[in-house]
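J.: Chain by chain, the residues run as shown.
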Amino acid sequence: CCCRALVARPAGGLRTLRGVATGPEMHFGFQTVTEEERREKIYQVFESVAKKYDVMNDSMTLGIHRVWKDILIHKMNPSPGTLLLDVAGGTGDIAFRFINYIRSVRERQLQRKLRHHQNLSWQEIFESYQKDKFNSLGDSQVVVCDINREMLKVGKQKAEHLGYAEGLSWVLGNAEELPFDDDMFDVYTIAFGIRNVTRIDLALQEAYRVLKPGGRFLCLEFSHVSNPLLSRLYDLYSFQFIPVLGEVIAGDWKSYQYLVESIRRFPPQEELKAMIEDAGFFRVDYENLNFGIVAIHSGFKL
Amino acid sequence: GRARPSHSEPRGRDGRGGEEEEEVWHQLYPGHIPTSPLQKALLAAGSAVMALYDPYRHDMVAVLGETTGCLALPNLRDKMKNHPEGYRILQERPRICLSTLDMARLQGLPDGSLGREYVRFLEDNKVSPDTRMPPKFVDDEELAYVIQRYREVHDLMHTLLGMPTNMLGEVVVKWFEAVQTGLPMCILGAAFGPLRLSARKLQVLATELVPWAIRSGLNASCILNIYYEQRWEQPVESLREELGIFPPP
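Chains as they are written, first to last, in the UniProt record's numbering: chain A, 1 to 302; chain B, 1 to 249.
The following block holds chain A by itself, in its conformation from the complex (with noise of 0.2 Å):
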């Protein structure tokens, strides 16, 4: 067909890079490399598009984005005094749902619990009110993990701007070795983040770690898409537009390029299932979002 001359897709210069490091072969995106010249890269990646990486992420998913991020907080459903550790939490889009998520739980069972006191004079229902508002979010809270500084900033200047302040914190940690004790968070999540994770087995392994018992894992990735035609268009769209877009808006291709490339070579849906099974997770299922350019992997633990 003649799309496919159109598209003559460059593979992306592979290159075998032996320097002086030696360890393990990696990938980064299409090309191979060591473990360590892999961390670098991605931190690299992450630092150059941290400041646009929001506008870019609408861009990318024309929005779609902050919709996969809703489900996921949704199907998390926490309650007020719920622990949340976010990995890989960057710029801060899960930690701010999960706010606001508890925000209104906590808003509906104030009126639930005024509608009780009918029969109560306006001064003690005015105390009471009171009471409340003091811990509006009802103890939870929210720690934001992420290895890359820049990204860190990129969350904590809009969280300022946004104006959440109360039970969130901002730590800087590296997901294979999380700066935590054991049991310590009743939810896990990562949301786009462990795509760029060099160890997955490690960072799957922290996580079963610091979560207490009964804790739930909840991972929102890229994923693989096995309808076939709906997988040659969404190639169509990685590999043609969304580098130029990376290069339009950001001045940066290689970014993106890498982007889509690690989208690729990332476990598909059964694969990651066994990998966090693997560390120990049970009741492991998951979830795909449309036709499985995302899904959402979720486990226990027991």
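Since the hints were made in silico from the structure, they are not lab data.
Treat the hints with care, since some could be wrong.
To be verified - Straight-line C-alpha distance at most 30 Å; calculated DSS-like pairs for lysine-lysine:
{"no.": "1", "chain 1": "A", "residue 1": "K51", "chain 2": "A", "residue 2": "K41"}
{"no.": "2", "chain 1": "A", "residue 1": "K153", "chain 2": "A", "residue 2": "K75"}
{"no.": "3", "chain 1": "A", "residue 1": "K51", "chain 2": "A", "residue 2": "K158"}
{"no.": "4", "chain 1": "A", "residue 1": "K153", "chain 2": "A", "residue 2": "K212"}
{"no.": "5", "chain 1": "B", "residue 1": "K79", "chain 2": "B", "residue 2": "K40"}
{"no.": "6", "chain 1": "A", "residue 1": "K41", "chain 2": "B", "residue 2": "K40"}
{"no.": "7", "chain 1": "A", "residue 1": "K41", "chain 2": "A", "residue 2": "K52"}
{"no.": "8", "chain 1": "A", "residue 1": "K52", "chain 2": "A", "residue 2": "K254"}
{"no.": "9", "chain 1": "A", "residue 1": "K153", "chain 2": "A", "residue 2": "K51"}
{"no.": "10", "chain 1": "A", "residue 1": "K51", "chain 2": "B", "residue 2": "K126"}
{"no.": "11", "chain 1": "A", "residue 1": "K212", "chain 2": "A", "residue 2": "K75"}
{"no.": "12", "chain 1": "A", "residue 1": "K51", "chain 2": "B", "residue 2": "K40"}
{"no.": "13", "chain 1": "A", "residue 1": "K156", "chain 2": "A", "residue 2": "K51"}
{"no.": "14", "chain 1": "A", "residue 1": "K52", "chain 2": "B", "residue 2": "K126"}
{"no.": "15", "chain 1": "A", "residue 1": "K254", "chain 2": "B", "residue 2": "K40"}
{"no.": "16", "chain 1": "A", "residue 1": "K254", "chain 2": "A", "residue 2": "K153"}
{"no.": "17", "chain 1": "A", "residue 1": "K156", "chain 2": "A", "residue 2": "K75"}
{"no.": "18", "chain 1": "A", "residue 1": "K52", "chain 2": "B", "residue 2": "K40"}
Following the hints, complete the assembly by docking chain B onto the known chain A.
T.: Chain B in isolation, oriented as in the chain A frame:
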């Protein structure tokens, strides 16, 4: 490094569309990003819109030039090949940047000489020859040099035409370059640049500057065929005459 064919990747997954043919695209020069025709078209459209929306995105102007220059660049290269001085430039590939220019020497040259006036231009407008973007999307190594040379010679054009780097001056130079090179990016810049000018400036532009720029551009020989680095001592007036640029109004 070596280039490996794509099918030796450990997993052949679905979702990797048209990778059946072993198209291994090499980097033809440092900074080269190979692109498909569709990508070039998208880039051309996107960069045009972005350059208009945000004129400070010089990188977008550069990208527009590279993606639309597929006809004009070979033309320019051939003009250079058929001219003795141009041919030498293509062979020797001189670069105009801070590391290759002896600024002290140029400053010491007499007033009115190309070198002295060029340095004066750089100082007055507070620009540096190092701010030119290297080409990324040109799929021919020689043509990449041609466009790079065009970019580096742009400041010398300002000097020869006596135009400053404000919007008005840039538009005039673009008109001159559009006639000289036929690059679509110059033509677009010349056509759309004036949109951002005030009415008074537009009048000066339309009545005096543009006609002069066009006449000079048509009359002059190819500006890429001058080995500027060997003519720093030559007076600007004499070089203008040699090229065929009429004195500025």
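J.: Now tell me if each hint is right for this structure.
T.: Here is how each hint holds up against the structure:
{"no.": "1", "hint": "A:K51 with A:K41", "in the structure": "17 Å, holds"}
{"no.": "2", "hint": "A:K153 with A:K75", "in the structure": "28 Å, holds"}
{"no.": "3", "hint": "A:K51 with A:K158", "in the structure": "11 Å, holds"}
{"no.": "4", "hint": "A:K153 with A:K212", "in the structure": "29 Å, holds"}
{"no.": "5", "hint": "B:K79 with B:K40", "in the structure": "25 Å, holds"}
{"no.": "6", "hint": "A:K41 with B:K40", "in the structure": "26 Å, holds"}
{"no.": "7", "hint": "A:K41 with A:K52", "in the structure": "18 Å, holds"}
{"no.": "8", "hint": "A:K52 with A:K254", "in the structure": "14 Å, holds"}
{"no.": "9", "hint": "A:K153 with A:K51", "in the structure": "9 Å, holds"}
{"no.": "10", "hint": "A:K51 with B:K126", "in the structure": "28 Å, holds"}
{"no.": "11", "hint": "A:K212 with A:K75", "in the structure": "19 Å, holds"}
{"no.": "12", "hint": "A:K51 with B:K40", "in the structure": "26 Å, holds"}
{"no.": "13", "hint": "A:K156 with A:K51", "in the structure": "12 Å, holds"}
{"no.": "14", "hint": "A:K52 with B:K126", "in the structure": "29 Å, holds"}
{"no.": "15", "hint": "A:K254 with B:K40", "in the structure": "15 Å, holds"}
{"no.": "16", "hint": "A:K254 with A:K153", "in the structure": "22 Å, holds"}
{"no.": "17", "hint": "A:K156 with A:K75", "in the structure": "26 Å, holds"}
{"no.": "18", "hint": "A:K52 with B:K40", "in the structure": "23 Å, holds"}
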